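Starting from the known structure of chain A, fit chain B onto it as the hints suggest.
2 protein chains.
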Amino acid sequence: MSKEKKYVKDITSRDENFAQWYTDVVREARLCDYSAVKGCLIYMPNGYAIWENIQADLDRRFKETGVENVSLPLLIPESLLEKESDHVEGFAPEVAWVTHGGLERLEERLCVRPTSEVLFCDHWQKDVKSYRDLPKLYNQWNSVLRWEKTTRPFLRSREFLWQEGHTIHATAKEAEERTQMMLKVYYDCVTEALAIPLICGRKTESEKFAGAEATYTIEAMMHDGKALQSGTSHFFGDGFAKAFDVKFLNKNNELEYVNQTSWGLSTRVIGAIIMVHGDDSGLVLPPRIAPTQTMIIPIASHKNEVIKEAEKLLATLKEKGIRAKADFSDKTPGWKFSEQEVLGIPTRIEIGPKEIENKEVVVVRRDTREKIKVAMKDIETELPKILETIQKDMYNRAKEFLDSHIDTAVTMDEMVKKFKEKRGFIKAMWCGDKECEGEIKYATGGASSRCIPFEEEHLSDHCIFCGKKAKHMVYFGKSY
Amino acid sequence: MSKEKKYVKDITSRDENFAQWYTDVVREARLCDYSAVKGCLIYMPNGYAIWENIQADLDRRFKETGVENVSLPLLIPESLLEKESDHVEGFAPEVAWVTHGGLERLEERLCVRPTSEVLFCDHWQKDVKSYRDLPKLYNQWNSVLRWEKTTRPFLRSREFLWQEGHTIHATAKEAEERTQMMLKVYYDCVTEALAIPLICGRKTESEKFAGAEATYTIEAMMHDGKALQSGTSHFFGDGFAKAFDVKFLNKNNELEYVNQTSWGLSTRVIGAIIMVHGDDSGLVLPPRIAPTQTMIIPIASHKNEVIKEAEKLLATLKEKGIRAKADFSDKTPGWKFSEQEVLGIPTRIEIGPKEIENKEVVVVRRDTREKIKVAMKDIETELPKILETIQKDMYNRAKEFLDSHIDTAVTMDEMVKKFKEKRGFIKAMWCGDKECEGEIKYATGGASSRCIPFEEEHLSDHCIFCGKKAKHMVYFGKSY
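Quick note, the sequences are listed as chains A and B, same order.
Going letter by letter, the first sequence gives residues 12 to 491 in this note's numbering.
Going letter by letter, the second sequence gives residues 12 to 491 in this note's numbering.
Every clue listed holds true.
Quick list of simulated restraints, FRET-style, between CB atoms:
no. : chain 1 : residue 1 : chain 2 : residue 2 : range
1   : A       : Q136      : B       : L114      : 26 to 36 Å
2   : B       : N407      : A       : D404      : 53 to 63 Å
3   : B       : A386      : A       : R71       : 31 to 41 Å
4   : B       : R408      : A       : R71       : 27 to 37 Å
Rather than coming from a laboratory, the hints here were simulated on the basis of the structure.
Nothing here was measured: the structure is a model prediction, and the numbers come from that model.
All C-beta atoms in this analysis are idealised placements derived from N, C-alpha and C, irrespective of residue type, glycine included.
In isolation and in its complexed conformation, chain A is listed as follows (with noise of 0.2 Å):
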């Protein structure tokens, strides 16, 4: 065991129990804690800081493709929800009702939003009227509702928050490729600023979302080897216009239905940050996210040169435009570690007389426990260096992790056996049927069909379960 460990508290062994290391460390860096309300989170300042940053990241991408962000209620009338068929039938049975306004109860009752696309399509039927008015690029940011059984912080809660991006455009094409500009731009940001790597596709029939004609997804493996649907892209076609008369006149003076788009990634992210990069010492953050990227940390912080020098460290360094942050508390050096290690901070800086002697400090990488000797002069172009090669280095762990976790099979024995012996997903191919996928998820405890990757190989002719003619080969996994 190492010097650091002995700190950290109660923190599970991964390996042992994974679910039980999840909650430990969402508790011990103190992300989020429970609410009166059962499936309600607390975003506690450490979580938050977190999903700003990641808002930060994605708005600015957002925008550069031309969204505008709005903002709309909170509420649904039960009328408005229910006039798109598919759609009220994936949300209705895990919606919140509001029956009751002040002291009197509603004419007619309200649903808590769980997504937002008839608010949408309520609106630009009043205000949409010529190709000129097109395409609407909006999105929101805000918390949702749905009255889910069973929950767990960040993955799967009641009241969550996200992003929700939708969108409207005079032609299905043009609905189609913004349907996958925006998948781009989720992939973009969680393997760029999140340092995780994914696979990318289209839900199956049975996957997709309620009144979807297409939902592309962007799935990413937890340490555990299972999947997490990460952020989801749908392309709607002129379903919802037909349901909510969103019609416009085009150049030729004639009325026609928009085509549309919905998109939406969610704090379900932070909880693929944990359980992708996460050790038995706890969080581990990538540096391009991570609220403080570096903790200064004295060591013999009773002397005053230390102090000063410690100081005049930080103020370089956030001159710089680093997140760095000194704990000049009166807990022990080996405390203040623990403490780092916990928050996942990618590094520490730890500056005591004999560096101060030296002309040097020490830093320490989160990630690999590196100690790396810098000459104080240095420090402000060394640690941006440092952070990106964390930054690096995190995806191409976690890469080489989903890449040696990645199987293939063509018969049911060999996926069966496979999903038992080894954590990961399995590629295999699929006649298109949804009682096949049924029928696999079944035989192998749980593994869905995770999506159909734009690029797909040919494993086989036949469907691994029915084996019949194969139309497509599927990525499936167990998931969260």
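Chain B only, in chain A's frame:
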């Protein structure tokens, strides 16, 4: 009628019918739309972008004082709301109740948060143990719901966007200081970024927040002379702490109750921006929070050279960090001028063949309509100066309006007469009695006490209503 005016659509004159003018501006500037639920607004891109800029300014100021962002749930169990008696009395009549989750009736009904004091207390009761855990300086950006009977865009709606800050401290003194510190933050943000002059001070007993020991307020004066309460900061003492049992071990190892504050500023301030700065052509936005600071309008835009120069200009300004746009649509320049004016974009830049020949552009100020010729090579340094001048001038004009619409009165006859003859606030002496406050409101047809300023003047020895010994000087005014 000026040339520009003829393009303006359907905006009632501000002095003819202020209420209708307001509604017209909100609609024509495309700030918001009504939703299917009364009093729940759709914030469209133009409206929401203003809020985003206010958020960015205020959030930066909060964080500079050590505040951290968090996110607490939307739903509050009825039993939790009821724990603090003044608070529940104030809010219970105007909350919306969730009674069903999914297909089941809930055992206890949940209200949609009207404000989150009780949620914070419930969390802190579990989370805070020692003086080392204090202070907690939390804030959240969210929406809350209050079941109002009459609603108006931005000014009074059932759901509204705001931030709510909540802090706890070891001592009453520290909490009281934080209460006033956050009022100062509001004051700085609203005067500096929104160019709105303010009066501020303490609310009387009958006007303070449900459950607070003291409420401080910033009050702005609209163009019709009415007050708009634009932000409030509350000191709770240990009232909530006692109701929710939020205690900590102090340095002497004794259990003490925490002292608490909360403070909020909402999208109401967008209403204030409209009603302080707007004119008969529409919105006038202060440059610092204007989503677009300048609109480049090409004259004779069928000419290639004009487009090329306009594009170059746009790139230059964006590069310089100015929020610039260019309108290359096929509308006439006059139409584009009118649109820029309705939207309140602080400047437009006219560029045509004549300007290109003279190597200059014409900058037109939205607030004064002044036309300023600027050499093309100087635009990137001159425009920021013009924008800053507009910002200052807007503040100064509004300050002059405020100052010239504050009067004093020492008798009720004088007060009633002055409120009839002139819009604005009236300063008067008051005995501190709730009944006198009510009688003054009745006699003046609705003028309520806005605040007791931090520096009171001595206007007379007697309460303006009852003639008893005066305790305070109060600002009275009709309000939104």
